[in-house]
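Spelled out, the chains give:
Protein chains: 2
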Amino acid sequence: MSDQVKFVLDETHIPKTWYNLTADLPKPLPPVLHPGTKQPIGPADLEPLFPMELILQEVSGERYIDIPQPVRDVYRMWRPSPLIRARRLEQKLGTPAKIYFKYEGVSPAGSHKPNTAVAQAWYNQQAGIKRLSTETGAGQWGSSLAFAGALFGIDVTVFQVRVSYDQKPYRRALMETYGARCIASPSNETESGRAILKQHPDSPGSLGIAISEAVEVAAKDPAVKYSLGSVLNHVLLHQTIVGQEAIEQFAMAGDDPDVVIACAGGGSNFAGLAFPFLGLQLRGGRKRRFVAVEPAACPSLTRGKYAYDFGDTAHLTPLVKMHTLGSTFIPPGFHAGGLRYHGMSPLVSHAKELGLIEARAYHQKACFEAGVEFARCEGIVPAPEANHAVRCAIDEALRCKKEGKKETILFNLSGHGHFDMQAYIDYFEGKLVDRDYDEKELATALAGLPSVAA
Amino acid sequence: MSDQVKFVLDETHIPKTWYNLTADLPKPLPPVLHPGTKQPIGPADLEPLFPMELILQEVSGERYIDIPQPVRDVYRMWRPSPLIRARRLEQKLGTPAKIYFKYEGVSPAGSHKPNTAVAQAWYNQQAGIKRLSTETGAGQWGSSLAFAGALFGIDVTVFQVRVSYDQKPYRRALMETYGARCIASPSNETESGRAILKQHPDSPGSLGIAISEAVEVAAKDPAVKYSLGSVLNHVLLHQTIVGQEAIEQFAMAGDDPDVVIACAGGGSNFAGLAFPFLGLQLRGGRKRRFVAVEPAACPSLTRGKYAYDFGDTAHLTPLVKMHTLGSTFIPPGFHAGGLRYHGMSPLVSHAKELGLIEARAYHQKACFEAGVEFARCEGIVPAPEANHAVRCAIDEALRCKKEGKKETILFNLSGHGHFDMQAYIDYFEGKLVDRDYDEKELATALAGLPSVAA
Chain A
48 MSDQVKFVLD
58 ETHIPKTWYN
68 LTADLPKPLP
78 PVLHPGTKQP
88 IGPADLEPLF
98 PMELILQEVS
108 GERYIDIPQP
118 VRDVYRMWRP
128 SPLIRARRLE
138 QKLGTPAKIY
148 FKYEGVSPAG
158 SHKPNTAVAQ
168 AWYNQQAGIK
178 RLSTETGAGQ
188 WGSSLAFAGA
198 LFGIDVTVFQ
208 VRVSYDQKPY
218 RRALMETYGA
228 RCIASPSNET
238 ESGRAILKQH
248 PDSPGSLGIA
258 ISEAVEVAAK
268 DPAVKYSLGS
278 VLNHVLLHQT
288 IVGQEAIEQF
298 AMAGDDPDVV
308 IACAGGGSNF
318 AGLAFPFLGL
328 QLRGGRKRRF
338 VAVEPAACPS
348 LTRGKYAYDF
358 GDTAHLTPLV
368 KMHTLGSTFI
378 PPGFHAGGLR
388 YHGMSPLVSH
398 AKELGLIEAR
408 AYHQKACFEA
418 GVEFARCEGI
428 VPAPEANHAV
438 RCAIDEALRC
448 KKEGKKETIL
458 FNLSGHGHFD
468 MQAYIDYFEG
478 KLVDRDYDEK
488 ELATALAGLP
498 SVAA
Chain B
48 MSDQVKFVLD
58 ETHIPKTWYN
68 LTADLPKPLP
78 PVLHPGTKQP
88 IGPADLEPLF
98 PMELILQEVS
108 GERYIDIPQP
118 VRDVYRMWRP
128 SPLIRARRLE
138 QKLGTPAKIY
148 FKYEGVSPAG
158 SHKPNTAVAQ
168 AWYNQQAGIK
178 RLSTETGAGQ
188 WGSSLAFAGA
198 LFGIDVTVFQ
208 VRVSYDQKPY
218 RRALMETYGA
228 RCIASPSNET
238 ESGRAILKQH
248 PDSPGSLGIA
258 ISEAVEVAAK
268 DPAVKYSLGS
278 VLNHVLLHQT
288 IVGQEAIEQF
298 AMAGDDPDVV
308 IACAGGGSNF
318 AGLAFPFLGL
328 QLRGGRKRRF
338 VAVEPAACPS
348 LTRGKYAYDF
358 GDTAHLTPLV
368 KMHTLGSTFI
378 PPGFHAGGLR
388 YHGMSPLVSH
398 AKELGLIEAR
408 AYHQKACFEA
418 GVEFARCEGI
428 VPAPEANHAV
438 RCAIDEALRC
448 KKEGKKETIL
458 FNLSGHGHFD
468 MQAYIDYFEG
478 KLVDRDYDEK
488 ELATALAGLP
498 SVAA
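Those protein sequence lines, which keep their order, are chains A and B.
For the first sequence, the numbering used here assigns the number 48 to the initial residue and increments by one for each residue that follows.
For the second sequence, the numbering used here assigns the number 48 to the initial residue and increments by one for each residue that follows.
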């Protein structure tokens, strides 16, 4: 084992621009619609929620967008993140394939989420905003925005899905350490929250409900803006720093991935790694496989409908065209709160419709099995979300073994599982069950999709 | 802010040797004594507990000891660890001082402990050992040896202090993820444990008791060896990789520390950073200040006696000369389990007696206050142990502000606090109390020190 395993770059190699896939798409993204008029919305419609700079990024067709120097100054606290070759895992599997992972768990909050949280906080600070409201499920996003808020002097209010709030007190403690306020959702602080609590006083909450609460707070108070951790174009844009770094690191390694894998909940983690490579391909480069991995219990890309839908439960958001299980769909409980969302990013959905990417769904037990195998070889204990990517990477490596192929596999290890160890305890105690969603509930949710003329 | 903040090295810069301070000491270290004969022990006396290669390192006078390539192959999974300049903290404090920290929390287990765990596991594997027994307090050491055991196919049994076992289920889950077996101590599995449980069925345990249990298991079964995470010379030796990397990184930065700070429980974290710099000084280099920071509730260096004492409660270990509070001393409960040990490494104690290093003790509330301030500037949430070093670094920076001095401060951020968030919750809820040890209890413990002719 004399070859290198870890490809590190110093901070001068942090990309100077984000990459915007829309510039290279063979077919434009369907427009975002106003839920009342069903007509395309303009930038001004989004102003109550976001600062104009982020709205312009949301609708931009420019291929490259400059990363402001103050954002790069924060990125350098942990970026470029390492690209690591999982040699011990390769040996354990006995595969001829090479397995690399980009490790985003080195960020202060422990995942890829600060890549966009820092950018969003900075643009809001520039617009004079002193308070941001957001939601969080597992807590990765809430703690990332809390961290970014601490750096730029912005008060952050996080509506955390009740069940996670109760199950993961350490995540909440992390947000509070960064100075954020964390509220269990549904809460009594919003109309959306009170409406749910009136009907279901013991509601465990959901991401859709928490989004409604956070959006409502921003919509009602001009001094407050809203911040979202995935799904939207500008969020995916900020994450492309991950794939751009990986491209440079593969050049260092003298290698090149054949398959690019990432888990997908709202889609930003997948897009962050995959889109810069996909852009190379769309501009005439070599073809690669891109695999988005989702939970079988909440399979928007593999089982959802590609249609216009709301992003939240209370229907406060505009309509976006995406793979959706229906905004009223409540997935069964499982240990990857970051993947429990009814929809998929419009850009990722569009790429899927264009046949540019693949999607695959896994049940959670198989994912934890892969995560434990990975930890015993490579040391890092992955977040439950990231275990979906680990499972897929291992399966691809085993396929290569069977087929005798020396492919190069790259996956995004989007975060560590330090705040998710209860899931591992449940796994070891045999309490982890593979739940399927209710087919009837899915049919009902899909039947309730808003009607939009084609 | 255009200057660099993060000094990274690629894996080819991992040192090829460990540095042994004993080679440069102006006065030799007092010998280790047999508890019965009170005569110096020989290597053979330690054979029931350790493989011969580690025993030879324990007594070696060589300045440099080669790091085996398989150990370096593991180190490169996360080493060299970054040296980071805390520019945001400097600005917040308004100090003319420069503050740097070496960040050891990037290791898989989250602290500096794997530096020696990997080496110890490898030497044991080479000696044909298939099982190791050890103790752990907060859990940093237990999870590090569990990780190292997973890599080298060694079964690891960890006796975890009962109170930590109950309070930190996530640490235990981490050890189990790596495949180790974790037992609450005192346990029914050893004579030492049963003796304690008979007298105190509800005993919360202590590091001294857990060491007795782990040593007993190894002493009774020739197939099992014992492994210790601090205190001993060979453990400190393995940690010197930290300071050696820092020396190279300061050369990159074009800077040089005036003050070197680290928290000290058993002493290996402090020694790992400080000894390579101290070695430069002893070989004719410039003089620096070295500050070991300990908890006021367990202040071996600042309040203990420099005397021969046992390393454990059941008196199964040899006698070593160290700063000790007495082997029967039980410190009050506080949130830095890794620093709750009655003794201090003989090498660190000796350096203190020779006037080469300083020591300082802090109460825990001031340490958590510093940790939160650090987290809000630099993003990383430190382990409670590391907060002692953060507190001292901030105080030194504030001294520089008062005195108008542009000193360069370096501290070891020995680990992250992801598994210790309950301590932060207690801090925010005002439940953290500054406890002092009982003066009478200390006097009794010191009066009970074994008598050894001078």
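It is worth saying that the hints were derived from the structure and are not from the lab.
Keep in mind that the hints are not guaranteed to be accurate.
All copies of an identical chain are treated as equivalent in the list; a pair is satisfied when it fits inside any one copy or across any two copies.
Within a straight-line C-alpha distance of at most 25 Å, the following computed BS3-like cross-link-like pairs (lysine-lysine) qualify [claimed, not checked]:
#1 Lys177 with Lys139
#2 Lys53 with Lys63
#3 Lys452 with Lys63
#4 Lys487 with Lys145
#5 Lys452 with Lys145
#6 Lys53 with Lys352
#7 Lys478 with Lys452
#8 Lys85 with Lys453
#9 Lys267 with Lys145
How the hints compare with the structure:
Within a single copy, Lys177 and Lys139 get their C-alpha atoms only as close as 51 Å, which misses the 25 Å cut-off; across copies the closest is 19 Å, which meets it. Within a single copy, Lys53 and Lys63 get their C-alpha atoms as close as 23 Å, and across copies as close as 17 Å, so both meet the 25 Å cut-off. For the identical chains of this complex, Lys452 and Lys63 are neighbours neither inside a copy (36 Å) nor across copies (36 Å), given an alpha-carbon limit of 25 Å. Neither within a single protomer nor between protomers do Lys487 and Lys145 lie at most 25 Å apart by alpha-carbon distance, with minima of 42 Å and 63 Å respectively.
Taking CA atoms no more than 25 Å apart as the test, Lys452 paired with Lys145 passes inside one copy only; the shortest distance there is 10 Å, against 52 Å between copies. Proximity of Lys53 to Lys352 under the C-alpha cut-off of 25 Å is found in neither arrangement, the shortest distances being 40 Å within a copy and 46 Å between copies. Taking identical chains as interchangeable, the C-alpha atoms of Lys478 and Lys452 are never at most 25 Å apart, the minima being 37 Å within one chain and 59 Å between chains. Proximity of Lys85 and Lys453 under a CA criterion of 25 Å is satisfied in neither setting, with 50 Å inside one chain copy and 63 Å between copies.
For the homomeric pair Lys267 and Lys145, neither the shortest alpha-carbon distance inside one copy (52 Å) nor that between copies (44 Å) is at most 25 Å.
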